[in-house]
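Protein sequences appear in the order of chains A and B. Just so you know, my numbering puts 173 at position 173 of the first sequence, and the rest follows in order with no gaps. Just so you know, my numbering puts 273 at position 273 of the second sequence, and the rest follows in order with no gaps.
It should be emphasised that the hints constitute simulated quantities derived from the structure, not laboratory data. Hints should not be assumed to be uniformly reliable.
Beyond 12 angstroms from chain A on every Cβ pair, some chain B residues (computed) [to be verified]:
#, residue
1, 35
2, 45
3, 70
4, 105
5, 113
6, 118
7, 168
8, 186
9, 202
10, 262
11, 324
12, 390
13, 456
Chain B stretches covered by chain A per the calculated footprint, using a threshold of three residues with CB under 8 angstroms from any CB of chain A [to be verified]:
#, segment
14, 187 to 195
15, 376 to 383
The model shown is predicted, which means the values in this text are computed figures rather than measured ones. Don't be surprised by glycine CBs; every beta carbon is placed ideally from N, CA and C.
Given next are the chains, with one letter for each unit.
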Amino acid sequence: MKGESKGILKRISGPVVTAVGLEAHMYDVVQVGDEQLMGEVIRIEGDKTIIQVYENTSGIRPGEPVSNTGLSLAVELGPGLLTSIYDGIQRPLEVLVDKMGNFIERGVTAPGLSHDKKWDFKPLVKAGDEAAPGAIIGEVQETNIVTRIMVPPNFKGGVVKEIKSGAFTVDEVVCTLDSGEDVKMMQVWPVRVPRPVTEKMNPDIPLVTGQRILDGLFPVAKGGTAAIPGPFGSGKTVTQQALAKWSDAQIVVYIGCGERGNEMTEVLTEFPGLEDPKSGKPLMERTVLIANTSNMPVAAREASVYTGITIAEYFRDMGYDVSLMADSTSRWAEAMREISSRLEEMPGEEGYPAYLAARLSEFYERAGRVETLNGDSGSVTVIGAVSPPGGDFSEPVTQNTLRIVKCFWALDAKLSQRRHFPAINWLNSYSLYLDTLSKWYDENVSPEWNGLRTWAMEILQKEAELQEIVQLVGSDALPDEEQVTIEVARMLREIFLQQNAFDPVDTYCSMEKQYDIMVAIKLYADLAYAALRAGVAPGRIVTITAKNDLPQIKFTQDYKADIEAIRKAMEAEFVKLREAL
Amino acid sequence: MKEYRTINKIAGPLVFVEKTEPVGYEELVNIVQSDGTVKRGQVLDTSDEIVVVQVFESTAGIGRDSGVRFTGETIKMPVSKDMLGRILSGSGKPKDGGPEIVAEKRLDIGGAAINPYARQSPEDFIQTGISTIDATNTLVRGQKLPIFSGSGLPHNEIALQIARQAKVPGSTEEFAVVFAAMGITKEEENQFMADFERTGALEHAVVFLNLADDPAVERIITPRLALTTAEYLAFELGYHVLVILTDMTNYCEALRQIGAAREEVPGRRGYPGYMYTDLASLYERAGLIKGEKGSVTQLSILTMPGDDITHPIPDLSGYITEGQIVVNRDLHRKGIYPPINVLPSLSRLMNAGIGEGKTREDHKKVSDQMYAGYAEGNDLRGLVAIVGKDALSERDQLLLEFADHFENRFVRQGHDEDRSIEESLDLGWELLATLPEELLVRIDRDLIRKFHPKYRSKEA
Ligand SMILES: Nc1ncnc2c1ncn2[C@@H]1O[C@H](COP(=O)(O)OP(=O)(O)OP(=O)(O)O)[C@@H](O)[C@H]1O
Ligand SMILES: [Mg+2]
Chain A
1 MKGESKGILK RISGPVVTAV GLEAHMYDVV QVGDEQLMGE VIRIEGDKTI IQVYENTSGI
61 RPGEPVSNTG LSLAVELGPG LLTSIYDGIQ RPLEVLVDKM GNFIERGVTA PGLSHDKKWD
121 FKPLVKAGDE AAPGAIIGEV QETNIVTRIM VPPNFKGGVV KEIKSGAFTV DEVVCTLDSG
181 EDVKMMQVWP VRVPRPVTEK MNPDIPLVTG QRILDGLFPV AKGGTAAIPG PFGSGKTVTQ
241 QALAKWSDAQ IVVYIGCGER GNEMTEVLTE FPGLEDPKSG KPLMERTVLI ANTSNMPVAA
301 REASVYTGIT IAEYFRDMGY DVSLMADSTS RWAEAMREIS SRLEEMPGEE GYPAYLAARL
361 SEFYERAGRV ETLNGDSGSV TVIGAVSPPG GDFSEPVTQN TLRIVKCFWA LDAKLSQRRH
421 FPAINWLNSY SLYLDTLSKW YDENVSPEWN GLRTWAMEIL QKEAELQEIV QLVGSDALPD
481 EEQVTIEVAR MLREIFLQQN AFDPVDTYCS MEKQYDIMVA IKLYADLAYA ALRAGVAPGR
541 IVTITAKNDL PQIKFTQDYK ADIEAIRKAM EAEFVKLREA L
Chain B
1 MKEYRTINKI AGPLVFVEKT EPVGYEELVN IVQSDGTVKR GQVLDTSDEI VVVQVFESTA
61 GIGRDSGVRF TGETIKMPVS KDMLGRILSG SGKPKDGGPE IVAEKRLDIG GAAINPYARQ
121 SPEDFIQTGI STIDATNTLV RGQKLPIFSG SGLPHNEIAL QIARQAKVPG STEEFAVVFA
181 AMGITKEEEN QFMADFERTG ALEHAVVFLN LADDPAVERI ITPRLALTTA EYLAFELGYH
241 VLVILTDMTN YCEALRQIGA AREEVPGRRG YPGYMYTDLA SLYERAGLIK GEKGSVTQLS
301 ILTMPGDDIT HPIPDLSGYI TEGQIVVNRD LHRKGIYPPI NVLPSLSRLM NAGIGEGKTR
361 EDHKKVSDQM YAGYAEGNDL RGLVAIVGKD ALSERDQLLL EFADHFENRF VRQGHDEDRS
421 IEESLDLGWE LLATLPEELL VRIDRDLIRK FHPKYRSKEA
């Protein structure tokens, strides 16, 4: 600890204030004004210390005191994180309602974890065992998820002298080491510093999301990065929420950064009633929410992504696969811009600070599949929404994000307007993980899967070219084979790509079901081209009735018998078509 | 209260005052002109050397000789139940010849953010009687749903029709309308007031009027006064409040004017970089709170400059609101009222407010199917212009006709035509029945069998 220092306020201009006479280091947390609002040092200039304040500054006057805590902005990590909802600086919103009612007033602090609650600590090491930094010394069965208690990474570590068992608060010592260090269930970690790992590994396992277009065409790896840019109303939030619900991560951190209050409420009301398709347990039990909505202070919005990713890293260090959604990284960038312009910094592109690109890449760099300090493996997958002004992807936040992330899921207003959801444009989007993941698909889905994907992409690409001709001459003028291609592409779009997030069955589609649907479409295509070669008229081929039942499969839970029946019916119908020749 | 005569700079709506005692950020300021007129303002930046004050009225008449008084508190407004039926100016002064508002409470107009944990998800269907809203872009209680329009289009008529007809079927709870005009013309004001009087709505309404010839910077506080009033009525008195804010474009122009006067680095098209955050501080003041009876529903109107939906004003609004109703010039030219283009329109809270037990089990699917049909039919219009109708397949010809029927029968309705949700959905089915059944891929078989006119008439 650097010791307390006091100064006085000299200037207040929105969320940025200036103090004089304060001894400070960059990113120290300070208490501003008579009400001791929380702030953080963001610039030092001669005798002046410039501070961003995490709460509303109205009414604060020059002359009021400022004191430096000497600490960095940090989060409390330990049992109690799961199922919580926090603001951007880890104040629990549930506790704030108790303390100050329905509206968020200022000057109230609340710790991120409950310091009174006792948790059942079960030791996993015994006296005499080695406990290096990152080592797991015990666990707490929280929800259905176990929070593993680790030696903090910034400890020296040593041999366990004494370890306890039983009910403790997060502040009580549960283990002492011969290095003289006391391990508690809670650790405190500065949000702007990535938590250390032994090594970054190559992400080669997909994050299975249950979303056909993602798993099927543009998969993200566990520990990978993805961006979802799109204009307003195109489906960023719905997609992020679907990922938060159905992706096969063990822990989900969902950051509502500068977005709507109601969307966070929706997650809070909906998640406890939904089941994890794998564990059957309520989804809320694996979820941590950070909600710093658009009308909450911008400085805390800036901090919210760091708070979120630090919590994600903490669970990763326990050996979990964590996925983190940030909705929206553009609001985070705008918060940086707002603070930067109050500092009268030289603006870069479109008023964003020159360090925008650096901040974005530092953030995404905290994703990854890693070997943890204790030798286990864990991952943080980062999926960021981007909200480009006017839906124009050439703007700085989208462009700088594109340079870093490996998956690009481009939302398209043209698709959302015609209610093609998810409105992810299959021609512009891409995933750079296809090669590294192909082995997993071979082994876990089917050796045919990678081939089917390539086939589907080719058909869709072909359709786009044909559509240009159709726009000029009408579809009847196309050659026979291409008429069939157009029909197959339409099936791929309407049956495979479209997925209704609000349908209780279709919202999640297992890899197996994705494969079955794809195979059925491919079967139709194969039969159709064969019939065409045998001389059947394309008009008859595209209007066979057996395939009309295929879309219903999406909404059917036990679909196996149905899809088998459709396959048979298609085969039979094509046999008839050829016999009729 | 101390009065300073240390004004050293006046630039547009900003007054710079030197050598003051410590003054609080966002404090309310009174500026006294030499003729005794008092003007109000707010502190934008404060330091021990200089204080920047944004004046909410014209700065004409303010000079070095004017006195500046800092009130020591942020802007608060008196609120009371007696405000219902009153007409106030854009800064909250009585405009109807009635007495000053006697405060039951004085509230900060900035409005603190509702804690997301305290919010209740909106899910009560509001029937507006307009098919393109009820059936395809459903409004629910506590939603913020703006109307994106263009100059010269009938957005006011639509807003008034909604205000007249909006009801939650089966509910008898108390409702109120808070109407805030920012920079609208006298003529538009008359249109609104005449309608409020004709229908008796004024009794349940609080009206704030900042007209085109009122000071532009006053527009910064007008919506805040309106929303503070709305929150009071909703969360302290239990009313279901519909807030109409018009025209948000004028509000944003005022915001840009202040940004320019402060010599800030401008963002897109000269609007301040913080406009998203500023607009959010208005639009987010809508919703429901757990355990409270009332609600605030927001219907703001904005005119898109050059009909451009990517302009920063509609763009940033759309990123905050829970959907948008887009009024379209082509439909208006075709003589269709209300000229709502459903394709770019959206209600994000629709799913929560519809379906079995709320509206009808087929609602979502009928809506999706109509969208798909209309979108496809609409695209085909472009093709027809090139290749002619005869070159289209039979399927495409039917879709093309569907798009026409959709506009002429579903979109078009009378100014006082109040369609129930059943009527709107049945009308939808009637139009869908013009398409072959196998084209209705978005609707489950069961629903088709239950609601498709073909099967229904057989049963009857
Ligand atoms: N997969 C989906 N299935 C069904 N509907 C969807 C799907 N994705 C999006 N939608 C529809 O699109 C609407 C808008 O989506 P969403 O709120 O996710 O947009 P957004 O891109 O997050 O917009 P904003 O930037 O304004 O937050 C939703 O309310 C829903 O009606
Ligand atoms: Mg969103």
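Outcome, coverage of the segment 187 to 195 of chain B by chain A - at least 3 residues whose beta-carbon is closer than 8 angstroms to one in that chain: Since three or more residues must qualify, the claim that chain A covers the segment 187 to 195 of chain B is violated, with 0 doing so at under 8 angstroms.
Whether residue 118/B stays farther than 12 angstroms from all C-beta atoms of chain A, as the label says: violated, 4 angstroms
Nearest-CB test (12 angstroms) between chain A and residue 45/B: Label violated. Min Cβ-Cβ 4 angstroms, cutoff 12 angstroms.
Residue 390/B and chain A, when compared Cβ to Cβ, separated by more than 12 angstroms: violated, 10 angstroms
Consistency of the no-contact label for residue 70/B, given chain A and a CB cut of 12 angstroms: violated, 10 angstroms
8 angstroms C-beta test of the segment 376 to 383 of chain B against chain A, three or more residues: It holds, with 3 qualifying residues against the three required.
Beyond 12 angstroms from every chain A Cβ - status for residue 324/B: violated, 7 angstroms
Interface exclusion of residue 456/B relative to chain A, criterion Cβ beyond 12 angstroms: holds, 22 angstroms
Beyond 12 angstroms from every chain A Cβ - status for residue 35/B: Holds, since 31 angstroms exceeds 12 angstroms.
Separation of residue 168/B from chain A, once the least beta-carbon distance is taken, above 12 angstroms: holds, 18 angstroms
Separation of residue 186/B from chain A, once the least beta-carbon distance is taken, above 12 angstroms: holds, 33 angstroms
Exclusion check [residue 113/B not at the chain A interface, CB over 12 angstroms]: violated, 4 angstroms
Comparing the model with each numbered hint stated earlier shows that hints 2, 3, 5, 6, 10, 11, 12, 14 do not hold.
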